[in-house]
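Residue numbers (the working numbering), protein chains in the order written: chain D, 361 to 868; chain F, 361 to 868.
Honestly, I wouldn't trust all of these hints.
For identical chains, the list gives no copy identity; a pair is met inside one copy or between any two copies.
Unchecked claim - SDA-like cross-link-like pairs, simulated, lysine to any residue; straight-line CA separation at most 25 Å:
| hint | residue 1 | residue 2 |
| --- | --- | --- |
| 1 | 375 | 551 |
| 2 | 469 | 760 |
| 3 | 375 | 460 |
| 4 | 469 | 442 |
| 5 | 375 | 843 |
| 6 | 375 | 407 |
| 7 | 375 | 423 |
| 8 | 375 | 465 |
| 9 | 469 | 801 |
| 10 | 852 | 550 |
| 11 | 469 | 432 |
| 12 | 852 | 482 |
| 13 | 375 | 458 |
| 14 | 375 | 445 |
| 15 | 375 | 463 |
| 16 | 469 | 513 |
| 17 | 375 | 552 |
| 18 | 375 | 432 |
| 19 | 375 | 420 |
| 20 | 469 | 424 |
| 21 | 375 | 474 |
| 22 | 375 | 758 |
| 23 | 375 | 674 |
| 24 | 375 | 401 |
| 25 | 469 | 371 |
| 26 | 469 | 696 |
If you are wondering where the hints come from, they were derived from the structure by calculation, not from laboratory data.
Protein chains: 2
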Amino acid sequence: MSVPAQPDPYQRAVKRFSRAAKLGAARSLLNWDARTYMPPGGAWARGEEMATLTEVVAELIGSRAADDELSEAEAMAGALAPDERADLAEMRRLFIHAAAVPPELLAAKARLAERLQAVWAEARRERDFARFAAPFAELLVVIREIAAAKAEALGTSPYGALIDEFDPGVGEAMIEPVFADLASFLPPLLAEVRERQAVWPAPAPLGPVAAERQAALAMRLAEAVGHLPEHMRIDATLHPFSVPGMPGDVRFTTRYEAANPRFSIMAVLHEAGHAMYELGLPRPLAFRAAGQARGMTVHESQSLTLEMLAGRSREFLGFLAPVMAETFGGGDTWSFANVLNAWRRLDEGVIRVEADEIAYPLHVILRYRLERALLAGELTPDDLPGAWDELSEALLGRRPANVSEGCLQDIHWAAGHIGYFPNYAMGAMLAAQFFERATADDPQLLPALSRGDFGPYFAWVRPRIHARASLVGVEALVRDATGAPLSAEAFKRHVRRRYLEEPLGWRV
Amino acid sequence: MSVPAQPDPYQRAVKRFSRAAKLGAARSLLNWDARTYMPPGGAWARGEEMATLTEVVAELIGSRAADDELSEAEAMAGALAPDERADLAEMRRLFIHAAAVPPELLAAKARLAERLQAVWAEARRERDFARFAAPFAELLVVIREIAAAKAEALGTSPYGALIDEFDPGVGEAMIEPVFADLASFLPPLLAEVRERQAVWPAPAPLGPVAAERQAALAMRLAEAVGHLPEHMRIDATLHPFSVPGMPGDVRFTTRYEAANPRFSIMAVLHEAGHAMYELGLPRPLAFRAAGQARGMTVHESQSLTLEMLAGRSREFLGFLAPVMAETFGGGDTWSFANVLNAWRRLDEGVIRVEADEIAYPLHVILRYRLERALLAGELTPDDLPGAWDELSEALLGRRPANVSEGCLQDIHWAAGHIGYFPNYAMGAMLAAQFFERATADDPQLLPALSRGDFGPYFAWVRPRIHARASLVGVEALVRDATGAPLSAEAFKRHVRRRYLEEPLGWRV
């Protein structure tokens, strides 16, 4: 009697983890719908549905059965191809995260974070930090427990373990020198640029522009970037986001502010960058562990390249200005000189999401230092407002007027996201490093942008970043693409060039 | 040492089946998105995601663990409240369906049905039955195996087992006498009404009406019925449908045909009826087995009451005509006389979805007889075109001009849906039976409809049908609400009254 052929342990693990990825994609879609089209009365049930998907995924990939399959596959890893070994290693990493923490602890975190987000919204509205502090302390206790459990399983620091979940390979050893470098380089640069800009004429106001016209431009920009309606759509939401993990469907969202049409342009370029990365992941590896984007720093490098490096370049603005004039109507506002003036101005505020390209990493460093101290217990929530204000003064040279513009401005901590902020700044570094190399490798890249043509850029980035998905670690990815480890050097050259050396538009 | 409290087996089963229902709701949303907003390039991945959800649900509720929990709970059922016992019985039924059929067989059916739907579309376009017959025969073999396995597990006939999946309690013993009654009653009635209408003047054409105006009316009608924007939305799709199983979110779709605005009005009333049923299910039983709609016949009774009984009533048309004039513009077309004339006309065609209220059940009976014979092997696919034409002649007095208007007109069989058709006609019977009783119980119900007020109707139906969900079987539900078992009597009285006795609008 013959025994029916049993797929090998690697194939069984692939099947299990692919199923988990498909359920994760379903969860992505449910979240997208909750923010776009869901009638508000569906919120309770939607929360239940999404929580169930999260639980089922965790059980699927964090189970004893998953562990056994992976162990068997690892024992015969010699027989696997290199890409399969990379895939196996990624599955093991996902298993460790799913198995390290008891489900009750994750459920406790989810419950506390959900409550705290409501408290945060109130506290921010009332400028009342006191009501936030105690429940935040409670959440921190649980997050510390989770971080300790994951650190134990991964062999990292607790903070590093939290990062590893969505940004493996970008640990404190990589972050620390970059942030130290920026913390000393950027504040004097900020002052220098501020002085240069002091004599500039005020730009003509950019709004108002009706949402329909902004939407028309959004689609035009997305298509200029390289998107096809067959694979994407753009919807309007309060906070722009792109939807990861759904192969062949890389929809994203933006927000149309009548008074500030620049907001949606930046948001569309940003999200279109995320979406191009998802679209460029290798189709044969769809739903596979090694077929996913490499992590949030690399993801952010892809969005920031389009938003910041390419999207704010003199070349691209030369293309954008007449397109805005054509789409929005209203002549002089969209002259190249006025656009460049508006696009280059430093922000003078204390709000991260409104910060300019130079101040932005400093906002992130502020949060990084505080959240590490909070996690380590070196800082208590009660200390937060004071510590925030001091660090803001030291890094940005200004203090928030109140807690709502200070340590309560972001939702991340209330949502339990500790360890997430660094990738915003690390992504900016990586974007500059990739872009510098790409423009050096292909001298036609920048001239093409002045025609709104992103083809040369994507021809450079696709094989080097997108096509490699999670088949290699972030260190190898960066070194192979740029010949150097990730650092702040390219970013520093970039901001000096753009903000101190670039000729001024209105004297051209 | 104390053992941690373990929830009782009934509660464990509830948790398991609720999780399955939540995953089912996620699947519903994915399907909605696939038909509304998904970019076409996402189709392959969406198929994978939906198939995975189906598999995971089947494993969850068809597993040995589910069986054990249910058995333990059944052993102590004496300690349960009556509603809990009903819930337990529903969970057992769901288990039987999930466990009866090996997953490979379901996968084989899904594969064959997916392929056959593409073949069907081609065959219909080419009027070429031959290419459909062989793959349909292959699918039938698999469906017979599934039906046999389920019949064995449920103790029903194979055809009854297929019905039981979505319409438990409506077996052949209930269907057979009703269909026999209709098959003898309706053909002579059709002839009589046709004769009466032969002398009617032709109604003025109703179109064209722009989609935006039709959409405005659609929302107005939905709100008249009792829907709130907080709990629903209406989108445009090729085939109208409503989305079940998402508590608090009862969105549905319609189609706007410029030349035929009546189509969307009927579709909106129909889907709004389904959606009101879902909205009326008891919130404390959300995601519970006994908290779901009772089955497709009852569901269809709720949609057809709004579309046919209330929505085509003289009273409601008296409300609708001036509203259409106001929303659509264009005077005389929307006179009560013209509207009544257009709404009452018999259809002369052979297409089920375009059939009038009298012919419709005959279309269903035709399919019911043929699909039973196909399942039993008394008829082969090759015999189908001939058998269809003969039965069409016998029941409707007309034959299709070709197979595309005959046995290839519906997608159901190509999709593997055998046993689904009867509920369309059984629902029509039940709608008439409920409506007759409701209007007798509340003499204000019909006058309220002439003001566009559905309040009295829902005040009658909510406690009797919606609130009882699946807490009782369909027989008890019908008897408690109407004092009689389900039959064709009320429907027969209804169509005679409306089509032979009602005064004619244009002589009023």
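How the hints compare with the structure:
1. 375 / 551: neither (55 Å within a copy, 60 Å between copies)
2. 469 / 760: Cα proximity of residue 469 and residue 760: none, with 29 Å in one copy and 64 Å across.
3. 375 / 460: Close inside one copy (22 Å) and across copies (24 Å); limit 25 Å.
4. 469 / 442: Neither: 37 Å inside a chain and 37 Å across chains, both beyond 25 Å.
5. 375 / 843: Neither way: residue 375 and residue 843 sit 36 Å apart in one copy and 54 Å across, limit 25 Å.
6. 375 / 407: Only across copies: residue 375 and residue 407 sit 16 Å apart there, 27 Å inside one copy, limit 25 Å.
7. 375 / 423: Both, since 14 Å and 19 Å are each at most 25 Å.
8. 375 / 465: For residue 375 and residue 465, only the inter-copy Cα distance (19 Å) is at most 25 Å; the intra-copy one is 27 Å.
9. 469 / 801: neither (47 Å within a copy, 53 Å between copies)
10. 852 / 550: Result: close within a single copy only, 12 Å intra versus 84 Å inter.
11. 469 / 432: Neither, since 33 Å and 33 Å both go past 25 Å.
12. 852 / 482: neither (39 Å within a copy, 61 Å between copies)
13. 375 / 458: Both. Shortest intra-copy (17 Å) and inter-copy (21 Å) distances satisfy the 25 Å Cα cut-off.
14. 375 / 445: For residue 375 and residue 445, only the intra-copy Cα distance (15 Å) is at most 25 Å; the inter-copy one is 38 Å.
15. 375 / 463: both (23 Å within a copy, 15 Å between copies)
16. 469 / 513: within (19 Å within a copy, 43 Å between copies)
17. 375 / 552: neither (56 Å within a copy, 62 Å between copies)
18. 375 / 432: within (15 Å within a copy, 33 Å between copies)
19. 375 / 420: Result: close both inside a copy and across copies, 11 Å intra and 17 Å inter.
20. 469 / 424: The answer is within: 23 Å in one copy meets 25 Å, while 32 Å across copies does not.
21. 375 / 474: between (33 Å within a copy, 22 Å between copies)
22. 375 / 758: neither (53 Å within a copy, 53 Å between copies)
23. 375 / 674: neither (48 Å within a copy, 59 Å between copies)
24. 375 / 401: between (36 Å within a copy, 23 Å between copies)
25. 469 / 371: Close across copies (24 Å), not inside one copy (34 Å); limit 25 Å.
26. 469 / 696: neither (50 Å within a copy, 62 Å between copies)
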